[in-house]
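**Q** Take each chain as given, in its own frame, and dock them per the hints.
Protein sequence lines correspond, in order, to chains G and V. Here my numbering is used: the first residue of the first sequence is 1, the next is one more, and so on. Here my numbering is used: the first residue of the second sequence is 1001, the next is one more, and so on.
It is worth saying that the hints were derived from the structure and are not from the lab. All values derive from a computational prediction rather than experimental measurement. Do not take every clue at face value.
[As the list claims (entries may be wrong)] Using 25 Å as the maximum straight-line C-alpha spacing, the simulated SDA-like pairs for lysine to any residue come out as follows: (1) V/1051 <-> G/370; (2) G/287 <-> G/209; (3) V/1051 <-> V/1500; (4) V/1127 <-> G/363; (5) V/1415 <-> V/1404; (6) V/1122 <-> G/360; (7) G/109 <-> V/1051; (8) V/1497 <-> G/43; (9) V/1361 <-> V/1249; (10) G/109 <-> V/1121; (11) G/287 <-> G/206; (12) V/1350 <-> G/150; (13) G/246 <-> V/1342; (14) V/1361 <-> G/148; (15) V/1304 <-> V/1270; (16) V/1122 <-> V/1037.
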Amino acid sequence: MLDYETLKVIWWLFIGVLLVGFAIMDGHDMGVGTLLPFVGRNDNERRVLLNTVGAHWEGNQVWFITGGGAIFAAWPLVYATAFSGFYWAMAAVLWSLFFRPVGFDYRSKIDNPTWRSTWDWGLFIGGFVPPLIFGVAFGNLLEGVPFHFDNDLRSFYTGSFWALLNPFALLTGLVSTAMITMHGANFLMIRTDAEVYRRSRTASMLFGVLTVVLFAVAGVWVATGIHGFAVTGGDIPGALPNPMDKTVIVQAGAWMRNYANYPLTMLVPILGFLGALLSILLAKVNKPGMAFISSSVSMLGIIGTAGVTMFPFIMPSSTDPQSSLTVWDSVSSHMTLELMFFATLIFLPLVIFYTSWAYNVLSGKITVDFVKSNDHSAY
Amino acid sequence: MISMELVDISRLQFAAVALFHFLFVPLTLGMVFILVIMESTYVLTGKQIYKDMTQFWGKLFGINFALGVTTGITMEFQFGTNWAYYSHYVGDIFGAPLAIEGLMAFFLESTFIGLFFFGWDKLSKVKHLMVTMLVAIGSNLSALWILVANGWMNNPVGSEFSYVTMRMEMTDFWDVIFNPQAQAKFVHTVSAGYVTASVFVLGISSWYLLKGRDIEFAKRSFRIAAAFGLASALSVIVLGDDSGYVVGENQQTKLAAIEAMWHTEPAPASFNLIAGINEAEQKNDWSVEIPYVMGIIGTRSLTKQIPGIIDIKARNKQHIINGIHAVVALAALRSNPADAAAKVEFDQYKADLGFGLLLKKYTANVADATPWMIQQATDDTVPRVTPLFWSFRVMVAAGFSLLALLAVAFYASVKNNFMRKRWLLRWALWFIPVPWIAVELGWFVAEYGRQPWTIYGVLPTYLSASSLTAGSVYGSLAGFVLLYTGLFIVEMYLMVKFARQGPSSLYTGRYQDELRQGGGALSNATPAEKA
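Just chain V, same shape as in the assembly (with noise of 0.2 Å):
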């Protein structure tokens, strides 16, 4: 039997590792379009300004993507070190999207962001404009490759089982990419990241302005940030929306649990806005309701119904019991590929094989599995729901108070009076960190809703797990938080030394601070007086 505890700490583990790399991942995918914006500007008016903006923005940028590749090397290899059954039971169709994304749009990224920092004397305007798109499309390009890979751990089209190689197997790599889960994941995720960049833009631009220095400088940045911010929140809701429409068994599973919907109610179901949750009893205590909103959401329709918690167990307890033959098919089929019973029995049986793989964590004989070991599975089969309900809540509401800030800042800088209104330069200022807290929560969401399967339907987490012990992984999850804060920390550091220092750490002569100490003359300075 596989240690409960392995299992807990590779998920921490994992847990711990994404969501820091996602602390840079939004902020890389949504600065670089506002670097084309600017930069773009740039090229058509031939305003300096617009490049020192480029400049500026692009030093943070850059030190911000620092760590983003340095989380992201983690991402690529520990599938294979802390997961390697899951890797060995899905690289068949994992692997592929992980692999192209390498190839065709990381290379890419990673290739011109060196020219994009390096190649401003060297490149003509234009080439070099094309060469920050460039980099725009290899970041995007690797989010689209990656959430469709991740698409599929939510809903896996486009492959079966193989008793022969003990794995997945890919049998349509279209409907791999065309996942529906896929696309909308894809949309909704980067326009997050568009929305984070540009709260933080936002944020930087109006402190300046709350300063009152390089007021030019941050005014034509604030602009820019309020109207692709506001263009982006609105695409992440609208479209976030589609993350929650209902097309398989797997989003109806988190629905439900997200909306503490504990039974199935007559179409068309209400919205739980707040609600006191019971899971003991599978109730809620009390809950505030909006009619109809839920069913219109979950089902784009009026009559359609949405299943509840409890008549989504009572299904998957069906399922359970079915994958207990398939369990028990494979085992003889894999003892002798001959036996034909057996394999009449797995074809019968084997849609329902991921949900009798549910019962190896309570007994390594799933044929003997009693009543009680098949509640507990059945129980297992909907993730815990006060945690979902909550985050889910959290994220929406930290994204509706975006848009109204973006909606604000981008009303106020047609009317261009923002530079007067200090409560909204404060409002932005206190705001910046308040997108990270909705992608962090997104991503919880996402993945602990898919509990307990690494593969929806097909692979449960307890069986994905490495063969370690846990001491091992307690070591290395310990050495990644150390290295991490370490580095984190270093990143914060730089991030608000040259965040404060503004656009005079360009040392152009043309910014605040240089003007008080006399201009241009800063290139005979010495490091120290520089620093």
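If we strip away everything but chain G, and leave its shape as in the complex, we get (with noise of 0.2 Å):
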């Protein structure tokens, strides 16, 4: 038996295991689908693209799947005020994923340039619009929210859809873009060959460097331009939840503190950094599947500099500080975590497992001859 503080504490690791895993997984699609009209020249080419995650990217969507129900299970309060909040945001994520099964499944189904060009631009939408916004509404989360709580916690949003797309937050947006397309190049230097590799391994640099500038650009703006949150009284870790019961300031300075108190921390940001570094390095001198492990390291380190910045706080509120909700006051009971934990320890391993298998039975390189040969039953 877990104690609540300890499950609390491992809820938010989850969290970002899955959030992070989504990045991976998910993201190396959405870099191709960012890619698919640039990268590939002609419908051959294109096809290519395709059929490198052609089989996969329906379960790498499950990350996103998963991840969204694991915060209802484990962060409803997150779950019911950020998604109800963000609303415009969340409808432009969902509908632009809309162009991805249905652009993977029929765009090959049928053989009509305009019909077959319009679904690229629907799947370049499905890659690149989701990260742009999962971007912003991070850089929103660093910045605060504006929401608040009634006394029966019902929450009240009241920004608009367009105060999100403020110049931090669409700049957050910009380092998601970029390091989520810099992994899906990597992705494609592996499944590639000929034109297409060499293009990739183009992208892969140019959005590597990307990442680094614009992740470096984003810390100093997070250490210099924006205020963060601190919390100053109640807020108990093992208490139950109630995220009325806390005093919070808002303070210049703020989210640099966990990194002045914990010097280890530091090494998340590195992380985002090395890893980005290392993966230019490694396209350049052809060495795709390191690379592609580098910016898989990188966007550990991205995502977590997020979650460290802002520890223990998961959403600030900007115009009611107290009814912020923080990895202590924002969680489901002790019952539900503790279930959860055991359903997570169980079945991500095996998750895990038949993912790696699946990709193991399909691996090798995808080539215009084989989208040649396979006409009829290939994407």
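**A** As structure tokens, then:
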């Protein structure tokens, strides 16, 4: 029997694992979608790109679905408050994702250039928009979100959709887009050859550089340009969760507090930089497998940086800081957290195991010849 | 106060996206087992035609599956976007099965579906069959967890309210899983999916037979669909009856509304086959009754009574009056958790908290509820009878007509004379849409029949919605309708195109149109010729 406080921390880590898993797995599909119209210059090349992820994108997308389900189960207040507050942003994510299943499955079933090019742009939207919006959402979390609770814990979001698209949030959106695209390009290098490989390599290095630069700018901005949040009373880790039971202040430099108090946490952003730099280098020397691992590490570092910077906050409120949601007060009951802990412990390793098997069975380069000889069964 | 318009438009959006999602789910659930049967036959007999069948029907399965996934994404997130207070209030219980569904089932289904389509040349026969089976297990386990969540909405067991966290919390996960409502719903729903897929395969195969093309392929498909379909249809009807069996107050209400049973009748009650419903006066102007049947279905006995709507309302009125005490005591506890008197009061009445919350629709201050408000809230506790009464009857009629079709088709396939019975083939073809009518109405009955609650007896629908403007939801609803309609047109176009093309769409050189064009030379044809 794990105590409540420990489980709350574990669930912060687990949600992190699911988000990083989503970025690594669904992220490389989305990166491929983003690059599709640019790296693939004709129909056969585009089909090469599609078929590198064709057999896997469906399984990978479940990281997104399961991430949503896990936030619902472990952080119901976050699920409720964030998704209803970011209403139009969520709608944009869902609607852009609609183009993926049909894009992948329907595109090559009809041999008509207009039809195919329409779905190619659909797949581009499905690959480009969600990471951008997730990045924008994280930017807004760092800045604080305009919401408050009433006495019955009903949440009220008082901002607008357009306010989400502020300069800092757009910057974090671009960080997210750059890292996902770098990662997708690395995956394409593993699975392709010839022209497609060469263009993917260029894209990988370009977006690697962008990732490093944009992440650095965002870091400086967080340290000097925006106010952080700090808990000044209440919010006891082991207590029954009640967000209204604490006091919070908005303070310049508060987002640097964890790094000052625990210097080891500096390793997390360092991983973000190091991974991206290595990815650039490894792409340059044609080591796509290692580059893919490096970009995965980079994304772990970048997503982890957002988490560590805000800890214990998950969703600070800019208009009513007391309503802010933290790791301690937005969680499910002890029983549910424990139950979900064991469910994750059993099933997530199984998922990783059979996903690896599936990738292993279908490993190897996808070539233009492969597409030509599987005209009717391939995507 | 929450705007009624917001609640109504949020409900409409949920109904639209959920019913749309369920156009694709039943075919997925059933088709995958038909694929398992076909592929198993291939592995056991080694006959190529069964592999072709698996691949061709698999193609149609894939076209359908794509939209099932598309519309499923919405389902996972719209509790948060549009039902935020619901998500907070019951996420502790409701979120768990959804998350486990993803971890245990949807991952399995989605990972292996890629191998199903792309692994034919990379896997041995037996391994590929295992992959297909895992897709089947995954998709059906998915349905199980979703229905555990939905079953809990109807019969919220294994949980209790906490005034500190202001929400429902789980007390016993096994109660939630083995909720009899959830189990009955699961069997009923997946069986309905199997029937849907069977009728789909049966109807399209019949069309090939009517056209006199790909006879061997169509005959084999027809037989499998008829056998699997008949077994499933029996399961839907026999075990669907289990959904009617009264285990809780919630089903008593639903049952009374479905049956337009206004007064408690002496046991065993009769069943209204059809009736002229008069909602205003709470009576039926006329009815055609079958004696005893209702009592036996509803209670499995000849002596137990089934309460009528008027008695249910009287009972609920008392729940609401008690609930007022609970709401008032809860407010006191929220402002001062140390208030001992309020705690005693709350513990005494907390079972009726949900009924007290029904008054929030009429007044922010429940303590001052007038008798008129209490009466309004009482009348709300039973949903409108007419739509439930008729939806249910159309669903049941559709179910029995499908049973008849499948029984006749099975008999003819045993006799091996169905190819000559053109009336049967036409019947099967025309009946392709009927299962969808039944399943959509089934969900309507299940969800509309639970109103005014999202969680029966716990949380009114009125309180469940997110604090959005009605305008936002109109906007998003318009977006969903537009996108879904567009995608649906594309899906139907492809489905019809490939169904018409038949197994020749596999380009094996063995099927109808290919033979006419000169057989296996197609691999050298230009893309335009193949399209």
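**Q** Now, for every hint given, state plainly whether the structure supports it.
**A** Going down the list of hints, with the structure as the test:
Only pairs whose Cα atoms come within 25 Å are accepted, and residue 1051 of chain V paired with residue 370 of chain G is accepted, the gap being roughly 22 Å. Between residue 287 of chain G and residue 209 of chain G the CA atoms are separated by roughly 17 Å; this keeps the pair inside 25 Å, and the hint holds. Proposed proximity of residue 1051 of chain V and residue 1500 of chain V is supported: the alpha carbons are some 19 Å apart, at most 25 Å. A distance of roughly 17 Å separates the Cα atoms of residue 1127 of chain V and residue 363 of chain G; the hinted pair therefore holds under the 25 Å criterion.
Taking the CA atoms of residue 1415 of chain V and residue 1404 of chain V, the gap is near 16 Å; set against the 25 Å cutoff, the hint holds. Simply put, residue 1122 of chain V and residue 360 of chain G have alpha-carbon atoms about 10 Å apart, close enough for the 25 Å limit, and the pair holds. Pair hint residue 109 of chain G plus residue 1051 of chain V holds up; C-alpha atoms about 20 Å apart against a cutoff of 25 Å. The hinted pair formed by residue 1497 of chain V and residue 43 of chain G meets the criterion: a straight-line CA distance of about 22 Å does not exceed 25 Å.
For the given pair, residue 1361 of chain V sits about 22 Å from residue 1249 of chain V by alpha-carbon distance, which is consistent with the 25 Å threshold. For the proposed pair residue 109 of chain G and residue 1121 of chain V, the alpha carbon gap of about 20 Å is at most 25 Å, so the pair holds. Using a Cα cut-off of 25 Å, the hinted pair residue 287 of chain G and residue 206 of chain G holds, with the two alpha carbons roughly 16 Å apart. Between the alpha carbons of residue 1350 of chain V and residue 150 of chain G the distance comes to roughly 21 Å, so the proposed pair stays at or under 25 Å and holds.
A threshold of 25 Å between alpha carbons decides the hint, and for residue 246 of chain G with residue 1342 of chain V the separation of about 23 Å falls inside it, so the pair holds. The straight-line distance between the Cα atoms of residue 1361 of chain V and residue 148 of chain G is roughly 22 Å, inside the 25 Å bound, and the hint therefore holds. For the given pair, residue 1304 of chain V sits about 13 Å from residue 1270 of chain V by alpha-carbon distance, which is consistent with the 25 Å threshold. Restraint check for residue 1122 of chain V and residue 1037 of chain V: satisfied, since their Cα atoms lie roughly 21 Å apart, inside the 25 Å limit.
Violation of the numbered hints given earlier is absent; every hint is satisfied by the structure.
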